[in-house]
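Chemist: Place chains U, H and L on chain Y using the hints.
Protein chains in written order, with the working numbering: chain Y, 33 to 230; chain U, 681 to 926; chain H, 49 to 329; chain L, 44 to 297.
Keep in mind that the hints were calculated from the coordinates and are not lab data. Predicted model, so just to flag it, every value in this text is computed and none were measured. Among the hints, a few may not be true.
Covered stretches of chain Y, going by a simulated chain L footprint (3 or more residues, C-beta under 8 Å) [stated by the list, open to error]:
no., segment
1, 44-53
2, 56-64
3, 100-107
4, 164-173
5, 204-213
Virtual Cβ for every residue (Gly too), placed ideally from N, Cα, C.
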Amino acid sequence: MSAITKTYFDTKVLALIAVAIVINIVGGQFNDLLRLPIFLDSIGTILVAVLAGPIAGAITGIFTNVIIGLIFAPVAAAFAPVALVIGLVAGLLARAGWFRTIWQTVISGVVIAAALTVVAVPIRIYIFGGVTGSGADFFVAYFSSVGQTLVSSVAFTVFGSNVADKVLSALLVWGLVRQLPERLTAGYDYLKFSKAAA
Amino acid sequence: MLEVRDLGFAYQGQPLLFDGVSTTVPDGHILAVVGRNGAGKSTLFKLLNGLLKPEDGEVLVGGKSISGRKISEIAAHIGTVFQSPEQQLFAGRVEEEVAFGPRQFGLPANQISERVSDALNRTSLLDQIARHPLDLSAAERRFLAIASVLAMRLPVLLLDEAQRGLDRVWTERLESILEAERSAGKSIVMICHDMDFVERNADTVLALGGRTPRQIPVPAFFSDTEVLAEVSVERPTPYRLREFMT
Amino acid sequence: MIEVIDLHVGFASSDVLKGVSLRVAQGERLAILGGNGSGKSTLAGWLAGWFSGGTHRLTAGGCLWNGKPWDDYTLVERAATVQLVGQFPAQHISGRAFTVAEEIAFGPENLGLPHEEIVTRRDETLAACHLEHLAGRDPFTLSGGEQQRLVIASALALRPKLMILDEPFSNLDPEARSHTLSVLNALPADVSVIIMDTNPDTVLGWANRLFVLHEGKISEFGNIRATLFDPTVIATIGLPAVTRCFLEIERGSGSAENLSRDNLPLTFVEAAAILRRSRSA
Amino acid sequence: MLNSSIYCPGESSLHRANPLTKSTGLFTVVVTSFLLPPPALWVVSAIILLIGLACGVGGSVIWRYVLLSLPFTLAVFVFHGAILPRSDMQPVLGWLHYSLTGLEHASLVGGRISLILASSLLFVSTTAPATLLRALDAARWPPGLSFLLASPLLLLDQFTGRARAISDAQQTRGLSVDGSPWRRLQALRMLLVPLLTSALADAQERSHVLTARGFRALPYRTVIDPPADTRFQRFLRWSLAVFMAMETAFMVLR
Chain Y
33 MSAITKTYFD TKVLALIAVA IVINIVGGQF NDLLRLPIFL DSIGTILVAV LAGPIAGAIT
93 GIFTNVIIGL IFAPVAAAFA PVALVIGLVA GLLARAGWFR TIWQTVISGV VIAAALTVVA
153 VPIRIYIFGG VTGSGADFFV AYFSSVGQTL VSSVAFTVFG SNVADKVLSA LLVWGLVRQL
213 PERLTAGYDY LKFSKAAA
Chain U
681 MLEVRDLGFA YQGQPLLFDG VSTTVPDGHI LAVVGRNGAG KSTLFKLLNG LLKPEDGEVL
741 VGGKSISGRK ISEIAAHIGT VFQSPEQQLF AGRVEEEVAF GPRQFGLPAN QISERVSDAL
801 NRTSLLDQIA RHPLDLSAAE RRFLAIASVL AMRLPVLLLD EAQRGLDRVW TERLESILEA
861 ERSAGKSIVM ICHDMDFVER NADTVLALGG RTPRQIPVPA FFSDTEVLAE VSVERPTPYR
921 LREFMT
Chain H
49 MIEVIDLHVG FASSDVLKGV SLRVAQGERL AILGGNGSGK STLAGWLAGW FSGGTHRLTA
109 GGCLWNGKPW DDYTLVERAA TVQLVGQFPA QHISGRAFTV AEEIAFGPEN LGLPHEEIVT
169 RRDETLAACH LEHLAGRDPF TLSGGEQQRL VIASALALRP KLMILDEPFS NLDPEARSHT
229 LSVLNALPAD VSVIIMDTNP DTVLGWANRL FVLHEGKISE FGNIRATLFD PTVIATIGLP
289 AVTRCFLEIE RGSGSAENLS RDNLPLTFVE AAAILRRSRS A
Chain L
44 MLNSSIYCPG ESSLHRANPL TKSTGLFTVV VTSFLLPPPA LWVVSAIILL IGLACGVGGS
104 VIWRYVLLSL PFTLAVFVFH GAILPRSDMQ PVLGWLHYSL TGLEHASLVG GRISLILASS
164 LLFVSTTAPA TLLRALDAAR WPPGLSFLLA SPLLLLDQFT GRARAISDAQ QTRGLSVDGS
224 PWRRLQALRM LLVPLLTSAL ADAQERSHVL TARGFRALPY RTVIDPPADT RFQRFLRWSL
284 AVFMAMETAF MVLR
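The following block holds chain Y by itself, in its conformation from the complex (with noise of 0.2 Å):
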């Protein structure tokens, strides 16, 4: 029985790593719809993370990199580190009963934020000199030449551009895992850390 039911469990997360991979990839499809400044690229990563915990999580996100990576823009895999990040510390902090209460999640997520800004500074500036080619650029620039350095420039575009989708996706995965009937989480071991005591 235990073998079995083992190697069952690991099925289970791991066709959820799948799914949540691909939802990380289309949530930005309702983000074009609804123009809103964010970029909805890591709420599967959270939900795996709440759900199935840090590795799970940490999993989700790197391999969600490699995919974009794959079949869109292979730049993406070079900010694996960072995806992988944000699963890690998501689980951490669902494991320590951070996304029970809304406020708390709304820690959790400024939390996720800040670590993954830690990650993405030194890829970002070592390897990329500290520009994108994208829109974030001009922030950096602006930071830069009021006088800032060059690592705190991209730390304040880094941390100012992620923290409002974070604790927006974070909420998100809050709201629905705290809804979610029975049977289509029967078997997440991590689910029991974010349910609020009743």
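Modeler: Just chains U, H and L now, kept in the frame of chain Y:
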């Protein structure tokens, strides 16, 4: 009353799917849209509810043209029940799901809750009011989608394969809802593969996939072997039984 | 051979199956009719050993294959014994194969079978399910009916001894339905097949035995006719379309013939014969 | 999915090479790019694009290369050459300044990205995803790994369609996609919740199906028609791995 005048439509880079299609669904009338897969049944629905824009012609509700308006504005006139209710269920409770539509009209709270309980009562879901929509059975979820549309009290209803996969009890519930809506003067259009269901419930048929789609009364349609073959539709059981007897 | 003994299962809030017992012998063609929400899918999942991992709660009873529960078999053994084909074919495509042919080979590859064996099985099932012309297509681009046949083919490639199909017809249009039925009619004779359905029409003439699942309990009323014409069955499932239509005509004409569950018509030929007799009488 | 992917079918020797060899080659180029000086980086990028032309995938590779690298290259030269304050800033015209060390740095960073981009595009455009997965399975990597690469690629179109159907269904219920930012945020919930719940339902059902078909019942799987491999390619892979290890050691110790 729903009117379609000289509708023309083609998907990009493809030949015309509709060319001058006209049809009228008076108040208290049920029109069945039939035809094989790919004949354009779903496309027609999307042209009616505004998800697609016709290239020619227009769609009128109560004599006023709705073509060219925003989808969310057309939603105040035409209600659509899609094939898979899972594509719209977002709420954590059945009642919240049904309340969404009426809430868009800015009604006061007591009117909304009155409409919600009425719609749930008519769909036999009143005792499920506090459950999670995804904890319902497949048939109950279909009726939840129907209730969400009923609660909006719109003059035109579109139903896409609403009868599919239902057992006798639920089919009869659906038929009595259709009958009540017809008596209330609604214009109803349904896409339906089940010809027995069409024969029992529809007034006229619009058969797609043939040369010129025409709106034909139900008995005339099922007696016209030529049209039936053209759109490859099976005859309903009563007609086939009569055929066996001769 | 599969045996269900007094199975009680459900979710935390409610019981879905309340004491189901059933025995299926090799090569039997079984239909289980049940209304919407009667527990057909739950029963199908238990028969196939899907739910031992924890999605449902087992309160009593169980399900045995050759005397042992599914948990006593390895996953390889289970895969080669029982296969379940679900209601929504798109959900039952593995999501691991880029073509129809790869999808069919997926199961046998997982079992580590020899190379030639897999190729033989793949080609045979492609033919048996009329999928040869689609062998190179992406599974997710197929129509619903084609996907249904692909799921059946992928199950067959594992050479199961028991096939369970959960409402295989309800999401198909009439054309796809007759395709699927022809595939089912050609299944190997030594495979036991169980079909769950809400509608008696599609399984009539196919099933050897007919069961009814109602409010979490299963019953078989002697023979197929007795089952079909049982009052509770008529109330939930309804009569077969021909019988229903016959009764409507017959009621109108007021024929003198004495009709009971033993001679009510089930086919067009039977119904037409009775009606002709009553006309000439 | 297959329409949007970068892969272009072909018969060149690069197409026929084992995907594991190609990916080892790609990793070697990436590691090496951190050791090469700017001129070499640009020259090697050009060579890789020429190899693409020789393999019959040049058109698609060069087009994507330009599309992806041009904005970045421009940004990096403008930013380091003219904006980021440096000690050797020289005036050009009015407020416009430039820095030579900045331009050199831009050339280094830009060249490295150019090389990594060109070689990744060459790899992806000559390697069919299905072949890559068969190579991984044949090399007895865990079946779960190839599943995580394959499944999202295969499900992408289906979910894109589903996202569209959800937005259609909600708009015909009266959901407005314009209006104040606050209303659009609320609309987001109505769009995302059905997508997420249907994804969870899919995952649950699919995990049953995979298990029932024996997926991961054994630690390996048979692969019918595995991609061709040769002793030379195996030797090449090992040599490249040793070379990469040496490069990494050099970079750390330097």
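Chemist: Now look at each hint and say whether the structure bears it out.
Modeler: Hints versus structure:
Coverage of a stretch by a chain is defined here by at least three residues with a beta carbon nearer than 8 Å to that chain's beta carbons; for the segment 44-53 of chain Y and chain L the count is 9, and the condition holds. Restraint check on the segment 56-64 of chain Y versus chain L: 5 residues with Cβ-Cβ distances below 8 Å, three needed, restraint holds. For the segment 100-107 of chain Y, the stated coverage by chain L is satisfied: 7 residues place a CB nearer than 8 Å to a CB of that chain, which reaches the threshold of 3. Coverage of the segment 164-173 of chain Y by chain L holds [criterion: at least 3 residues with CB-CB distance below 8 Å; count 6].
Beta-carbon proximity to chain L at under 8 Å applies to 4 residues in the segment 204-213 of chain Y; the threshold of 3 is reached and the given coverage holds.
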